[in-house]
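*Asks:* Residue numbers (this note's numbering), protein chains in the order written: chain A, 41 to 518; chain B, 41 to 518.
Worth flagging that the hints you see were computed from the coordinates, not collected in a lab.
Fair warning: this is a prediction, and the values are worked out from it, not measured in the lab.
Quick reminder that beta carbons are idealized off the backbone N, C-alpha and C, glycines included.
Don't take every hint at face value.
In the PhoX-like style, the derived pairs of lysine-lysine whose C-alpha atoms are separated by at most 25 Å in a straight line are [what the hints assert, rightly or not]: (1) Lys422(B) / Lys349(A); (2) Lys381(A) / Lys234(B); (3) Lys422(A) / Lys422(B); (4) Lys234(B) / Lys258(A); (5) Lys381(A) / Lys422(A); (6) Lys422(B) / Lys234(A); (7) Lys127(A) / Lys64(A); (8) Lys64(B) / Lys98(B).
Label pairs and their computed distance ranges (CB to CB) [unchecked claim]: (9) Glu266(A) / Asn190(B): 33 to 39 Å; (10) Glu117(B) / Ala267(A): 32 to 38 Å; (11) Arg230(A) / Glu117(B): 39 to 45 Å; (12) Ala454(A) / Leu351(B): 23 to 29 Å; (13) Gln352(A) / Ala267(B): 52 to 58 Å; (14) Asp124(B) / Ala454(A): 50 to 56 Å; (15) Glu223(A) / Tyr203(B): 43 to 49 Å; (16) Leu437(A) / Tyr203(B): 33 to 39 Å; (17) Leu437(B) / Glu117(A): 38 to 44 Å; (18) Gln121(B) / Arg230(A): 17 to 23 Å; (19) Asp151(A) / Gly233(B): 31 to 37 Å.
2 protein chains.
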Amino acid sequence: MAENEQSKESLQQSLQQVINLLNKHRLVEELVHKQDMPKHSLVELLVHKQNLAELQKKLDELHPADVAYILEALPIEERLQVWDLVKAERDGEILLEVSDAVRQTLIADMDSDELLAAAEQLDTDEIADLAPDLPQDVLQELLVTLDFQNRQRLQSAMSYPEYSVGALMDFDIVTIREDITLEVVLRYLRRIGKLPDHTDKLFVVDRESRLRGVLPLKRLVVNDPEASVEEVMADDAVVFHPEEEASDASQAFERYDLVTAPVVDDNNKLVGRLTVDAVMDFIREESESEVLSLAGLREEEDIFASVWKSLQNRWTWLAINLITAFIASRVIGLFEGSIEKIVALAALMPIVAGIGGNSGNQTTTMIVRGLALGQISTHNMKNLFMKEIGVGLLNGLVWGSVLGLAAFALYHNAALGLVMTGAMTLNLLLAAVMGVGIPLVMTRLGRDPAVGSSVMITAVTDSGGFFIFLGLATLFLI
Amino acid sequence: MAENEQSKESLQQSLQQVINLLNKHRLVEELVHKQDMPKHSLVELLVHKQNLAELQKKLDELHPADVAYILEALPIEERLQVWDLVKAERDGEILLEVSDAVRQTLIADMDSDELLAAAEQLDTDEIADLAPDLPQDVLQELLVTLDFQNRQRLQSAMSYPEYSVGALMDFDIVTIREDITLEVVLRYLRRIGKLPDHTDKLFVVDRESRLRGVLPLKRLVVNDPEASVEEVMADDAVVFHPEEEASDASQAFERYDLVTAPVVDDNNKLVGRLTVDAVMDFIREESESEVLSLAGLREEEDIFASVWKSLQNRWTWLAINLITAFIASRVIGLFEGSIEKIVALAALMPIVAGIGGNSGNQTTTMIVRGLALGQISTHNMKNLFMKEIGVGLLNGLVWGSVLGLAAFALYHNAALGLVMTGAMTLNLLLAAVMGVGIPLVMTRLGRDPAVGSSVMITAVTDSGGFFIFLGLATLFLI
């Protein structure tokens, strides 16, 4: 048993070993330099080689996903040192495992021949995953080396949009006919000798490759060998189409607890299969990109990316926020006369804006989630608005009163306290209405409500909060 | 083929059908009321029954997960109407599928006998999932009805912390001995007749139930029936322990593309198995709770929860934010004298604070992610700080200059522009240092950096931003 091979601790131990070996190696090099020894003295060569050999051995023992982990956790220079030590025939599978950002740093370090060699060890659907990062000339050469069927598959896989079923599917399908017995199926499988990863079912097709049903291995092994495939197969399998959205398919995988599922075209012809590992990777990516986009990062970032790369990843959103912050600042500018007269307004106004933003984001997060799960539609929209308005009103009255009292206590001005309470309540109502409304409108316009809703709601509650508070103050206090 | 059964559109169609039937039903009732017909007139009864029968038929046809979806998408009153129509023997499996918040509303509607009947249809590990929501007396009665082995299993499953492997595992394991041939295994399986869901491998154990290896069905069907289990089985399977953290296990499932894996105790005795569907549900829950906690929601919310329930879910975080906003407000209060002299400060200060918060959140999000993946440890901390300080410095100089120019253009005060640039740069440096530091310190203290880091970084950059900007202004402009 590979006891604990998988735990985070043992992974970090492996990482530490690699780092130690790298450090030893560097130390030797530095020593040699300092003492001005002839660069290729025997001693140096020996120690040097011994370290590298040990490191290489360590890397060879690790699962590709674990090598990927180590590469991601190393700063660029050391990462490339380790990458050079990885056996060429493992390059492909490791490139598939690393994150997009790290993959780019590794590919930038390889020449065309190395890339070609790495890609040639992969399946067609895997090459398609790698393709966007490959230089154009490598891709062209690669197409030439493939046979007709695989070239067609690669081209079609690359033609599907990134988050479609077609982009996730693979071609490792084992098909059988329905008119044979299970005994014959078993003999056929023994002849094949090895089944693709994640094979939990065989696909039953007719002469024209049209899907007739699926034969789960579970059924194959428990049923009478004399029974025919037709009698034993399931004909109500969940099927997907290549142009469907991957997020719908992933929800179906979760809902129906699937391991693999057939992908068919409009004529019910089997074109590939979807596996749970691809779906799980997709779910992870999807949820990560949601968290990243909430923080205003365009994409996953290599933690050791150059400052310049990081700036590119983060500038778009900072620029947008700069604009919204500037607008809010101009709203305050409108009321400079009032602030001059009652300077306490300047100290109190960020509270109104800030709490409005928080409350609005709570609402929006819930609505975005409900939309993603398809729980929200026209029939229940009214309920939602009413509920959120209720929550906003109560929050506004409760917290607004607390702050109103605090303002009164600080500035001994009862009217100021009342304005505070009123402004909080109104801004929380605004937050409730916009918190429900913005994601709904974005969906209606065909946009992903998870991206940008948070920025927009904050912009509205900031400028709105300043305007409401300073406006009320100007009306009633000046 | 159940063509498109799984798509979001068809789910929403089912939902719409249910709503239409409910509405029809209500309309008939209202009509009867209005015309003051005798309550049990024949006509009413007939139409009434017909509608309900149609609705019931529709529900019977749906997968439990799809019924769960419909229940979640309905406001409370209609939800309970539909729930009453669901066949009693399906109650258990549907309760497992709905979200925690919705499950509570359904369970509140059931009496002890109904709950007991529902729970009795479930497997032990499924009862354990339901247990936290069951009333104490139902749970006690349930324990009495179980046989010794299952009672022990339930008690041990309930004893594991919520996010451990033990809490996720199930007991649907098929075990075999290593000294028999594949032929004998196949005969044994045919005698069993049906394998548990997700069975992709059989577990090979010795007389003391110690795990010796695993026999994937894939290998069972392709190898010579005369071969022994020992020859064919894999003895390097990834194994888990019940007390391991579920999030480590889920990373291992992703990394090694597992479908099922054995769970063993410290003596290597097989105690259960982990399946990919449980892991996938866990990943979804984990990522959702991250997004929810970023928005300051304690837990998943039933979108039709009462206003009161929603307030409970949201108050903790609003209260914390109120406190941090109040502190920031007091920081401004320190400088009221300066603001009175240069009122432009009031309009400009939220920009400095806001952009600092955004930038700090970008940094923190990246660090939290790196920590979760185990990519960050002592050896690369210095690199991280240096990089983030570099990013902060550049952002500060660039955006600070833009805003400095804007301030100069608006207020024709060059010194004010310079103060703006300086404050932006310093606050972004603060955001960088705290953005890296806060999650690292939280981890060091044994806390989850994903919860609360965002609130803390915003608090620091708000108060810090106001202090730096108003402080510099007071020093150089007043």
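*Asks:* So, for every hint listed, does it hold in this structure?
*Replies:* Here is what the structure says about each hint:
1. For the hint pairing Lys422(B) with Lys349(A), the CA-to-CA distance comes to about 18 Å; that is within 25 Å, so the pair holds.
2. Distance restraint check for Lys381(A) and Lys234(B): the Cα-Cα separation of roughly 82 Å exceeds the 25 Å cut-off, and the hinted pair is therefore not satisfied.
3. Distance hint between Lys422(A) and Lys422(B) is unfulfilled; the C-alpha atoms sit about 53 Å from each other, more than 25 Å.
4. Only pairs whose Cα atoms come within 25 Å are accepted, and Lys234(B) paired with Lys258(A) is accepted, the gap being roughly 8 Å.
5. Under the criterion of a C-alpha separation no larger than 25 Å, the hint pairing Lys381(A) with Lys422(A) is inconsistent with the structure, at around 43 Å.
6. Under the criterion of a C-alpha separation no larger than 25 Å, the hint pairing Lys422(B) with Lys234(A) is inconsistent with the structure, at around 48 Å.
7. About 21 Å separates the Cα atoms of Lys127(A) and Lys64(A), which keeps this hinted pair within 25 Å; it holds.
8. Our distance criterion of 25 Å between C-alpha atoms is met by Lys64(B) and Lys98(B), whose separation comes to about 15 Å.
9. Between Glu266(A) and Asn190(B) the beta carbons are some 36 Å apart, a value that agrees with the proposed interval 33 to 39 Å.
10. For Glu117(B) paired with Ala267(A), a C-beta distance near 50 Å fails the hint of 32 to 38 Å.
11. At roughly 59 Å, the beta-carbon separation of Arg230(A) and Glu117(B) lies outside the given 39 to 45 Å, and the hint is violated.
12. Checked against the hint of 23 to 29 Å, the pair Ala454(A) and Leu351(B) passes, with Cβ atoms roughly 27 Å apart.
13. In this structure the supplied range 52 to 58 Å holds for Gln352(A) paired with Ala267(B), their Cβ-Cβ distance being about 57 Å.
14. In this structure the supplied range 50 to 56 Å holds for Asp124(B) paired with Ala454(A), their Cβ-Cβ distance being about 54 Å.
15. Checked against the hint of 43 to 49 Å, the pair Glu223(A) and Tyr203(B) passes, with Cβ atoms roughly 46 Å apart.
16. For the pair Leu437(A) and Tyr203(B), the beta carbons lie near 37 Å from each other, so the given range of 33 to 39 Å is met.
17. Between Leu437(B) and Glu117(A) the beta carbon distance is about 27 Å. The supplied range of 38 to 44 Å is therefore violated.
18. Our hint of 17 to 23 Å for Gln121(B) and Arg230(A) is violated, since their Cβ atoms are close to 55 Å apart.
19. The hint said 31 to 37 Å for the Cβ distance between Asp151(A) and Gly233(B), and at roughly 58 Å that hint is violated.
Consistency note: the structure conflicts with the earlier hints numbered 2, 3, 5, 6, 10, 11, 17, 18 and 19.
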